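Participant: My request is simple: use the sequences and hints to build the entire structure.
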Amino acid sequence: MKVLVPVKRVIDFNIKVKVKGDQTGVDLSNVKMSMNPFDEIAVEEALRLREKGNATEVIAVSIGPQAAQETIRTALAMGADRGILVKAEGDVEPLAVAKILKAICEEEKPGLVILGKQAIDDDSNQTGQMLAALLGWPQGTFAHKIELSDAAISVEREIDGGLQTVELKLPAVVTTDLRLNEPRYASLPNIMKAKKKPIAEKTPADYHVDATPRLKVIKVTEPPKRRAGVKVKTAAELVDKLKNEAGVI
Amino acid sequence: MASLVIAEHDNAVLKDATAKTASAAAQLGAPVHVLVAGYQCGAVAAAAARLPGVEKILIADAQAFARMIAEPMEQLIVGLAPGYDAILAPATTNGKNYMPRVAAKLDVPQVSEILAVESPDTFRRPIYAGNAIQTVQAPAGKKVITVRTTAFKPLEGAGSAPVENVAAPADPGISKFVSEELSRSERPELTSAKIVISGGRGLQSGENFHLLEKIADKLHAALGASRAAVDAGFVPNDYQVGQTGKVVAPELYIAVGISGAIQHLAGMKDSKVIAAINKDEEAPIFQIADYGLVADLFKAIPEMEQELTRLGY
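Protein sequences appear in the order of chains A and B.
Residues in the first sequence are numbered consecutively from 1, following the numbering used here.
Residues in the second sequence are numbered consecutively from 250, following the numbering used here.
The hints are simulated quantities; they were obtained by calculation from the structure and are not laboratory data.
Be a bit skeptical, because a hint or two may be false.
[Stated by the list, open to error] Chain A regions said to be covered by chain B (calculated; three or more residues, Cβ under 8 Å):
id	region
1	42–56
2	78–85
3	188–197
[To be verified] Mimicking DSS-like on lysine-lysine, the simulated pairs with C-alpha atoms at most 25 Å apart in a straight line are:
id	chain 1	residue 1	chain 2	residue 2
4	B	Lys467	B	Lys391
5	A	Lys243	B	Lys528
6	B	Lys443	A	Lys225
Every value quoted in this text rests on a predicted model; they were computed, and no experiment measured them.
Glycine included, every Cβ here is placed at the ideal spot set by N, Cα and C.
Facilitator: Right, dumping it as structure tokens:
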């Protein structure tokens, strides 16, 4: 069984983003970019399935600028077998990404697609679910633990009240939550090896998908700022302030 | 045409998130209908009928909807979509699960986690964990929206909407519910509590969360945690407040032993009043706290408890 792992190039999670002065977006110039952290978890889970003998091949796909090739290389250095780069400039919305991935799934026929539950840039939390719907496949979102059997996958999901387990017929889509696993670091020999692994280059047009955004971004602004308040000296003083000054207890 | 709100509930109780989503829907200017999809959920529909500003309740009562599994929910909502201009769900783990399927099937982009309605097609939503706010305009056609419920207040008053049955489409049969492990608690729910007290890595162990429980009991507060505390296994995942956990905006948020990583702040910085207790004076949490106490929490929390007891809490 092949496992497809879509990976997104985003601002590194350690970077504090700056909103551009002209309110058109967030400043991406000279900022460190990395693989979306949830997607790293997805790559790791796919590799573990291959190591357990459940998967035969792990294919990393990225939809983005030429530089997204680096993100695919990161996945290849972790251990993925090959990559597909679908070149598209600017923002590509989750629905367009899902349509491109659907076309790739029809070509590659994976038994499982594993991807991050959300990208930490647009925080949409849509792509996996949209892909599943377009393919008519079941989904296991916010996965905490997965277990594969012959024709089905059991997914333990992180939900608001605790954990929920669902069983899905394969093929299926799984989106990862934080505690599914801890992604490995790529070793130097594997980084070298990854340079030789193949990456196919495509465009959205190859898949007959129009990747033009449909949502119009009117502006991007800073959130309202909170100012630091006062320091209190004792717990009793804190209780007094909360009761008599703020009136919240 | 009307707007359809998908109710959040557990087949017995209508969750607060529904009223807040209905309040966001009302701002679109069209009549609001509420869909209660569940199993043996008549009481929920009756509660929904009393929501103010709601014109009609639809109830789809079938076993396939008992746990709001995404695949049957998609079929149900897509089937109802022709009668609506906009479909809204709360951005709970349920709403986040089924709504993008609906959007994809309708071939419309979803607008996730709106914070405000600027006009019937223009919304504000957080990106980059709330470090930037995007104003987006949805294209003509149906709107599929999830709502960050902490950003909307329920409408005041009471209604008496008629309840209408809708037929449940056949379960696609590709997914099934197996089991659920829910945290049981007598305390208020994290996302709707007026007071939240959260612990971080500074608590050092799960057992030490009992210190916070004592305060929570006195203040009728919900208990939360930072990602660090959840990752360390101190408390279950459903306690997590932050970008990837729950977003809360209570009247009072008390952060104990939490340094204030960006991803945690994203989940609580809209709280009305923030109090922080941390022994590290430089902890970023103090930059946004209204009241900061630099102290060892193992000393400060028992003292706080004593003071509350003394004051009759």
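Participant: For every hint, state whether the structure bears it out.
Facilitator: Against the structure, the hints come out as follows:
no. : hint                    : verdict
1   : 42–56                   : violated (count 0)
2   : 78–85                   : violated (count 0)
3   : 188–197                 : violated (count 0)
4   : Lys467(B) <-> Lys391(B) : 47 Å, violated
5   : Lys243(A) <-> Lys528(B) : 23 Å, holds
6   : Lys443(B) <-> Lys225(A) : 22 Å, holds
Of the numbered hints listed earlier, those contradicted by the structure are 1, 2, 3, 4.
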